[in-house]
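Full structure from sequences and hints, please.
Chains as they are written, first to last, in our numbering: chain A, 23 to 108; chain B, 23 to 108; chain C, 23 to 108; chain D, -17 to 359; chain E, -17 to 359; chain F, -17 to 359.
Among the hints, erroneous ones may be present.
With a Cα cut of at most 20 Å, we get these calculated SDA-like pairs of lysine to any residue [said to hold, decoys possible]: (1) F:K178 - F:K296; (2) B:K60 - E:M202; (3) D:K189 - F:R19.
Hints listed in this document are in silico derivations from the structure and should not be mistaken for laboratory results.
Below are the chains, spelled out letter by letter.
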Amino acid sequence: MENLSAVFAEAGILMIVGMGFVFAFLSVLIVAINILAKLSVKFPDPIPQVRRPKTVANVDSGAVSPSVVAAISTAVAQYRKNKIRN
Amino acid sequence: MENLSAVFAEAGILMIVGMGFVFAFLSVLIVAINILAKLSVKFPDPIPQVRRPKTVANVDSGAVSPSVVAAISTAVAQYRKNKIRN
Amino acid sequence: MENLSAVFAEAGILMIVGMGFVFAFLSVLIVAINILAKLSVKFPDPIPQVRRPKTVANVDSGAVSPSVVAAISTAVAQYRKNKIRN
Amino acid sequence: MESLEILWASTGLANFAVGQVAMMLVGLGLLYLAIARGFEPLLLLPIGFGAILTNIPVAGFSEVGGLLHYIYYAGIDTGIFPLLIFMGVGAMTDFGALIANPRMLLLGAAAQFGIFATLFGAIGLNAIPGFDFSLQDASAIAIIGGADGPTAIFLASKLAPDLLGAIAVAAYSYMALVPIIQPPIMKALTSEAERKIEMKQLRHVTKMEKMVFPLAVLLMTIFFLPAATPLVGMFCLGNLMRECGVVDRLSNTAQNELINIVTIFLGLGVGSKLSAEAFLNVETLGILGLGAVAFSIGTAAGVLMAKVLGKFSKDPINPLVGAAGVSAVPMAARVVNKVGLESNPHNFLLMHAMGPNVAGVLGSAVAAGVLLALVGP
Amino acid sequence: MESLEILWASTGLANFAVGQVAMMLVGLGLLYLAIARGFEPLLLLPIGFGAILTNIPVAGFSEVGGLLHYIYYAGIDTGIFPLLIFMGVGAMTDFGALIANPRMLLLGAAAQFGIFATLFGAIGLNAIPGFDFSLQDASAIAIIGGADGPTAIFLASKLAPDLLGAIAVAAYSYMALVPIIQPPIMKALTSEAERKIEMKQLRHVTKMEKMVFPLAVLLMTIFFLPAATPLVGMFCLGNLMRECGVVDRLSNTAQNELINIVTIFLGLGVGSKLSAEAFLNVETLGILGLGAVAFSIGTAAGVLMAKVLGKFSKDPINPLVGAAGVSAVPMAARVVNKVGLESNPHNFLLMHAMGPNVAGVLGSAVAAGVLLALVGP
Amino acid sequence: MESLEILWASTGLANFAVGQVAMMLVGLGLLYLAIARGFEPLLLLPIGFGAILTNIPVAGFSEVGGLLHYIYYAGIDTGIFPLLIFMGVGAMTDFGALIANPRMLLLGAAAQFGIFATLFGAIGLNAIPGFDFSLQDASAIAIIGGADGPTAIFLASKLAPDLLGAIAVAAYSYMALVPIIQPPIMKALTSEAERKIEMKQLRHVTKMEKMVFPLAVLLMTIFFLPAATPLVGMFCLGNLMRECGVVDRLSNTAQNELINIVTIFLGLGVGSKLSAEAFLNVETLGILGLGAVAFSIGTAAGVLMAKVLGKFSKDPINPLVGAAGVSAVPMAARVVNKVGLESNPHNFLLMHAMGPNVAGVLGSAVAAGVLLALVGP
Ligand code: NA
Ligand code: NA
Ligand code: NA
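Right, dumping it as structure tokens:
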């Protein structure tokens, strides 16, 4: 029993130290991310170069016919089927 | 010579035992498959949920133009071409 | 210093022998390729079997719409997205 | 005839030990869970199959010269397979939601309470006769609460290889059970009003932030917890390959073919540890029981932390998202979304739950590092 | 100059042994068969290339520290590569035709007579001076009759590693020669009327049947022949991944990238066994001769069994399909279809021949297991 | 508390050596070059990441039992990874332009002067106190001038493993710097009129020629320089798989998934050699300096050779294409094209430069073989 309680104590310390460390670590990471966010305003994402294509793409993607999808599936299946002999 | 005939006898026994075992094994497997077939009537394949698309697909797949296939080939080749440098 | 000059001499010999060998090797390869070129006239590339499809293909590949390309990208992305769980 | 006798002596029927039969049934059970119930099939199918193979009498799959022996010692004993899986998972993970709302890291931290409470519980089981878990055993078991398969396998292979099979099976089984285990706990700890809370839309995260993030995580781990760097390092390598945009070839391979190949081998290797001696004992029951407790406590801790956090936050926080802190990516986040929709059909919490969800992965890797550093060999 | 002397002493020209030159010509011959004649190029090309590399003087490809040495000992000596190939082949195999008509298994069984008759023949060759095949050697040679590359390599690596090169070359060469070897035998043993027989359309096979089938095969192998479980087990794992529908990622990788990678290495490793000492002797001639006999006897046994079966069957059976029982998937089935069409242009036997064809794979794996159990180390 | 002390004692902060910090900064520098500057990112990203990992205190990545230790000894020390990369590169390389104009091989030969001049220079550095390069070290350094990553890594792993990290970093860095290093040299050695020279269109090359070519190269290497057959052999295997047309499955896998997987591991393994002791010394500065010299001399030698060749040729030769002889495929060829267009906007030299470019790969593999044969272990 005595032995057990010693291990219990050890487990308890592990719990406290462990949870403390996890919280501390992730809290520091929060700070790091906030700093990162501030620094990153100097490095904005590159602006997409052309604007017009987007509308075109929208129109087009509406027009993708099931036949195209079927063709792709066939092509992929075909490619996969290209079997190896044992 | 005597030694050879002993090995021959061994090979003959291997042949009989081996072929017997192969036949026995695969015969039991026939029984197993037949049992499996009987049990499997309780687990029929799920019915495909929608019926209509099938006709559409048929019509469409007839309409898959060579241009689509060409485009797929191009896309695949393009993807593959994306080379690694040595 | 003496020792150094001995190594220098060795390096010099390496340079001469090495460059000599590289030139000799690749020069022989030039001869080999020329022989190969002469022999290969007996094994011309197979003539593409049908001629007509080429024009068709040209016409078609001009007709490959962006929608097809979009569909392919989607299909590929879809395929790639099919994620594994940790 | 002599040949027939030799042949009979070499059959499974003549050599079965009862434990082997039982373990094959366990293997079949895992296949059933994987295929019919959809429990983490990518891992549980190879694990279940490996369990069957390793228990075949005479065949010697896991003895010197056997296929599973090679797989286990080359890939799992060395830690290589779980680390490669982690690299692939890193290449699949988008940290955008977490970077946009970094306080969610606290939810991922809180949910790790499941790990440490289970460690305490595993030691407690020693009070029951039949249990004799060392602190290393208890730590390996506790990591089940991290809800992260490769982390659990990596830690168990270092701290308690004999328990590896049971721990991996428990970890993946409970991850599959997340949609069943979590909702009652989530509902018990929150009011209808709380579950209705809508959260502010997440800000846009730049490419630069996503690219620096894995490096920042790695550097912090180097500074504070080198013991976690194998796991965190490979994860961050995968994530950096994903976000940097210049090695898409490598990123795609890491998250597709490479992870698939390794997954097959990892599963078979884990299955090879499912021998009767190692699995058919009361300790396995203890592990399975503790695993369920670990998930429940982790879920509860996450939800409660979210409630606390909501009190101090100017932007509203729906406490349900705390449940996603256990990781189990992306299933826990989907469960949050589903439970949220039940209370408010216009409230899509999925993106908000992805933050704590990926935070949970980091949290459990950190917890694993702490355990390695403090009780490791 | 000294450097020139060292350089000359390190050239191939100064070090060639006549046997090495001969084996390089053999390697070139295999490349020719693979590329110009289309003989099983996926295997024979790497095997032929490996044969050239391993016979380069001075380079030491197959000595300690050489590339082929590592490949052979890591992948072939351990049995890992053939087993991974078998997993991939399992993931490519559709057992539907066999499940729909399970009696076709008897054709796959009959065709294995080629194996055991060859075993007898190999022992018989010992009567000729110069031959000295042990029972293990004879068994490894006999498996060529199984018309299954990975099975032959696996068995040879266990029973007769010295003969591995010759056995693998013979196995793949004869598999490529199936369209030439089989038709005359098929025609000699059947009447025009028999070849015209049309067979009943195969019934639909459910997903459930296909999924349980590999497990049933595995369980039977466990019960009756554990020695065959490495081969059958990995094959069934691949097939289960294919049919279960929940791990398509893994199944696709197993039958594409993974099998391709392993095929390159397997071929190079087999080629590394094509040294002059091991290949340039009368035993190799014996092996090549026996291989041809094995295929012929297997084909004949399959056809004759189909005729017997047809006598006792209420549904008609075209005896040609028996020839597909040797396996050599899918080429033997295609040959059946072609020979059938010659007699009856409306009679497509392909699907009917796929049943005995895949049955032949199981049959030869079982035969390999019997040989391992009875004459194995 | 004792636990806190143990935990603190296990942190990186408590264990950092200054050299480790410096090497991590080197690793970060490589990541910066790879990501922000696009310097050979496929290799430099994993190398930089590996450099960071290997220098983490306590974590032991490169000690027995560590991930990088396994990767290095399994893949780089054995030479397997660079050889597999070479196979993949072979499968990507089209020798058509070279076969059409074989004299371009002389440009690939001339550019190797960069290697041997550097060897001389490396020995010369020994005159400066602090440098102590053996002939083996000097040879390994010199190969940087070959502008071929896998060749450099392969040779360095055999001749000077301690310098491997610095050599690989230098090789890939300078390959990335080709667009900056080469143009001034090219312009200094040619007149405006020479740069304007248009070359005759290349003839059509048949499939047969492309297929026999790798075999011819291999046979010549076997005859004259077996020491180069590991590199040349695997390269030719890849190229044969590409051109033979019957094993596209294998060729595609070799140049995609397999090379990607190996690239990740190769980079990490190379990075593991970037320890403070091995890298932070004056020898590394020497290596970096010599590398720049090597590239410059190689470029100059190629251009001068092209001028000589042009004098004796009936078809005109633009001397710029000689610069592509250093290899660095395909970047050097692109640089040639770009510099050519500056003088003559209608003169596309890309295809003409591909000949010397791939010739340079062969040339440096041959040079590596000579060095292995003469100063190798
Ligand atoms: Na977690
Ligand atoms: Na067979
Ligand atoms: Na070069």
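Quick check: which numbered hints come out false for this structure?
none
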